[in-house]
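There are 2 protein chains.
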Amino acid sequence: MKPNLILFAAATMAASPFATGQTTEPVNDWKPATSNQKGKEYPKVNSEGRVRSRIVAPGAQSVLLDIGAVKYPLTKGEDGAWTGDSGPQDEGFHYYQMNVDGAQVPDPNSLYFYGASRWGSGIEIPAKDEDFYALKNVPHGELREIYYFSKTSNSNRHAFVYTPPQYGKDPSQRFPVLYLQHGMGENETGWGNQGRTPLIMDNLIAEGKTKPFIIVMENGLDVGPPRPPEPKPADAAAPQPPAAGTPAPGGGPGGRRFNFDAFQKILIDDLIPYVDANYLTLSDQPNRAMAGLSMGGMQTRQIAPANLDKFSHIGIFSGGSIAPADVKDMEDFKNKVKLVFVSFGGRERGAAGAKTNAEALKEAGINSHYYESPLTAHEWQSWRRSVYQLAPLLFKN
Amino acid sequence: MKPNLILFAAATMAASPFATGQTTEPVNDWKPATSNQKGKEYPKVNSEGRVRSRIVAPGAQSVLLDIGAVKYPLTKGEDGAWTGDSGPQDEGFHYYQMNVDGAQVPDPNSLYFYGASRWGSGIEIPAKDEDFYALKNVPHGELREIYYFSKTSNSNRHAFVYTPPQYGKDPSQRFPVLYLQHGMGENETGWGNQGRTPLIMDNLIAEGKTKPFIIVMENGLDVGPPRPPEPKPADAAAPQPPAAGTPAPGGGPGGRRFNFDAFQKILIDDLIPYVDANYLTLSDQPNRAMAGLSMGGMQTRQIAPANLDKFSHIGIFSGGSIAPADVKDMEDFKNKVKLVFVSFGGRERGAAGAKTNAEALKEAGINSHYYESPLTAHEWQSWRRSVYQLAPLLFKN
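Here the protein sequences come in this chain order: A and B.
Quick note on the working numbering: the first sequence kicks off at 1 and runs consecutively.
Quick note on the working numbering: the second sequence kicks off at 1 and runs consecutively.
Bear in mind the hints are in silico, worked out from the structure with no lab data behind them.
Don't take every hint at face value.
Any copy, or any two copies together, can satisfy a pair, since identical chains are not distinguished.
[Stated by the list, open to error] DSS-like, lysine-lysine: derived pairs with alpha carbons at most 30 Å apart: (1) Lys151 - Lys40; (2) Lys396 - Lys169; (3) Lys76 - Lys31; (4) Lys328 - Lys31; (5) Lys40 - Lys265; (6) Lys169 - Lys265; (7) Lys265 - Lys136; (8) Lys31 - Lys151; (9) Lys40 - Lys71; (10) Lys44 - Lys31; (11) Lys38 - Lys265.
Assemble the whole structure, with the sequences as input and the hints as a guide.
Below is the structure:
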């Protein structure tokens with residue numbers, strides 16, 4: 001949810017029945033969320049996308065469900081358990097937390113996810129298109145947790161590598177590589193966990209809709225000081241990118257400037273050589289892509305065009321876009337860049353400008369794609385859909 | 001900590017200074033726990049193994065730190081934050097939770113681990129021997145998250161596979177396999193997470209102390225109904241095994257009986273064939289081991305001896321032991337079993353009997369090893385040390 005929508009929602013919710021216990025009855029088709037810990041009945045979700053929370057807190061004076069930047073009060077029952085509902089949420093995944101007498105804590109009933117700069121609760125709101133990221137009886141790739149030593153950071157760095165189901169079966173078969181970055185307040189676990197990227201890839205590959213390729217997921221924030229300031233916990237991976245089309249290179253919201261040089265050095269000097277030395281990669285430029293969400297999109301927007309000897313495919317999700325005026329040498333760009341994919345959630349403010357830029361880039365002769373995720377904001381459902389849309393366009397050369 | 005120790009501790013703690021705010025000053029060498037979320041100062045630990053918790057809860061009436069089956073009250077400061085210390089804990093890893101006005105919740109400052117039948121907080125107490133499971137600049141293997149389809153359970157099952165650093169570099173090199181099982185109230189994530197097994201193996205391999213081998217970690221509980229009853233959340237992976245040496249086959253504590261047949265069928269019919277078909281394994285009996293902790297040890301004790309065409313090496317950690325009288329056909333056992341490794345924490349009640357059984361088994365001509373973890377109980381530090389002791393003994397044939 002974008003900041004001005006959050007303010008709008010907070011203002012309207014405060015005076016709405018949602019925030020005070022609902023005078024209108026929610027639709028009574030509650031089901032346990034699929035993001036619950038095994039065997040937990042609550043939280044539940046209904047077909048309106050509402051969340052019904054329950055937490056046992058017999059001695060508490062106040063319990064709140066904090067989701068989508070709105071705090072919903074729960075009501076105490078005779079059994080000492082507090083229950084209450086949120087207003088409707090967008091389809092897909094949301095971070096949330098409980099507030100017990102002022103203590104902001106994870107819900108003991110949910111699984112935990114890293115985002116909003118903390119490990120904490122997350123919830124799945126059923127989506128009409130959830131089939132594309134469902135666990136199915138198809139051949140599955142692997143999500144590999146690795147440590148590798150980076151000379152740049154002088155430390156063991158933690159990353160994840162998705163390998164497709166075909167990987168290694170024939171040791172002579174090599175695969176292209178996508179470097180896929182998380183957003184601010186998130187880390188290298190995001191795409192593999194709430195991003196559901198391995199399942200999205202497994203399903204696409206099983207249907208023959210994408211070439212199999214390797215995906216590498218690193219931490220783009222924890223690259224040694226100085227770090228950019230951390231956002232406040234909220235639903236979405238903050239920060240919002242600047243309005244599409246006009247971000248100054250490296251420019252953050254509110255005039256903040258990001259410096260991605262440290263991450264770029266780790267990526268170019270350490271990670272890519274490590275991956276090419278240790279995996280069955282196609283290591284030439286036409287077979288290497290970079291993409292990211294939010295801050296990871298901004299990183300992609302800075303790093304990939306500056307290293308066109310390394311990257312041929314560029315994906316920017318909710319992280320700005322590339323206008324023809326941003327391209328220093330259009331002939332060189334045309335020769336080397338095989339795809340620029342830009343996406344936004346339809347409820348994000350950057351969407352319209354990004355679409356204009358994508359069209360202008362296409363007019364300039366670039367293979368430019370724009371995708372808009374229906375009825376979603378700066379949130380994971382937009383980014384799951386973005387990976388799903390991007391993958392079939394990659395490495396078609 | 002074993003049940004009668006828990007009762008003893010609870011009884012003594014209630015009247016001790018630890019539970020009421022300490023009249024004796026703890027040693028003032030507090031450091032943030034290594035199990036904290038990045039950037040979190042609390043909880044801290046000191047050289048006595050005490051835990052100092054801090055949680056912001058301005059509206060709360062009562063906040064408790066619940067660790068080692070004892071609840072320690074915290075004190076509210078003027079800033080709305082509650083702080084307080086636990087009594088000394090054993091070296092190593094412990095599950096814990098916070099209690100805010102009766103709500104039992106994870107500590108928002110810690111990383112989360114699966115155990116005691118929930119995802120929740122865990123804490124590392126520094127150990128004198130922690131070097132063996134430290135992250136070092138050595139070649140690292142991979143921890144691979146996989147899904148595979150089991151006909152037995154008619155579902156996609158979730159497991160982890162550790163592959164050593166050498167794996168796949170030479171596609172003609174194949175490796176032995178250890179099937180390694182968690183305890184009750186735990187799942188397939190335990191060994192790779194709080195068990196630190198990948199780091200233990202990486203370090204052993206780097207020092208040339210063990211043969212490199214593959215480790216497969218499955219879920220031994222979630223095998224379809226009926227399931228054994230779940231234990232109450234506590235420090236240790238419940239249940240305590242019966243006193244070593246005399247457990248009836250499949251017998252659980254308190255006369256409860258476990259039926260591991262469903263898991264055995266998944267393991268033998270689905271998992272092992274999947275692993276041998278999809279990894280660079282040595283798939284003959286001399287190159288396959290099974291081990292486990294607590295309930296996983298009981299599973300090993302039931303399944304491995306009943307499938308000596310499949311398994312040659314047997315490891316039982318805090319999960320009973322094998323006496324000569326338990327062996328149906330000693331000649332056959334002698335021919336097929338290359339190692340029986342049994343371990344206990346020195347503070348567990350099963351230790352003495354298990355040692356006697358191990359010696360008797362050795363007298364009977366079996367390659368029998370017994371290991372006792374100093375000053376630890378039914379807890380992860382015992383099991384980390386057990387893997388560290390077991391690995392060099394495996395696959396020496």
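Now for the hints, and whether the structure bears them out:
1. Lys151 - Lys40: Cα proximity of Lys151 and Lys40: across copies only (26 Å, versus 45 Å in one copy).
2. Lys396 - Lys169: both (22 Å within a copy, 29 Å between copies)
3. Lys76 - Lys31: within (21 Å within a copy, 39 Å between copies)
4. Lys328 - Lys31: neither (53 Å within a copy, 50 Å between copies)
5. Lys40 - Lys265: This pair counts as between: shortest inter-copy Cα distance 27 Å, intra-copy 44 Å.
6. Lys169 - Lys265: between (33 Å within a copy, 27 Å between copies)
7. Lys265 - Lys136: between (38 Å within a copy, 22 Å between copies)
8. Lys31 - Lys151: between (49 Å within a copy, 28 Å between copies)
9. Lys40 - Lys71: both (22 Å within a copy, 24 Å between copies)
10. Lys44 - Lys31: within (5 Å within a copy, 39 Å between copies)
11. Lys38 - Lys265: For Lys38 and Lys265, the Cα distance is within 30 Å only across copies (22 Å; inside one copy 41 Å).
Of the hints listed earlier, the one the structure fails to meet is number 4.
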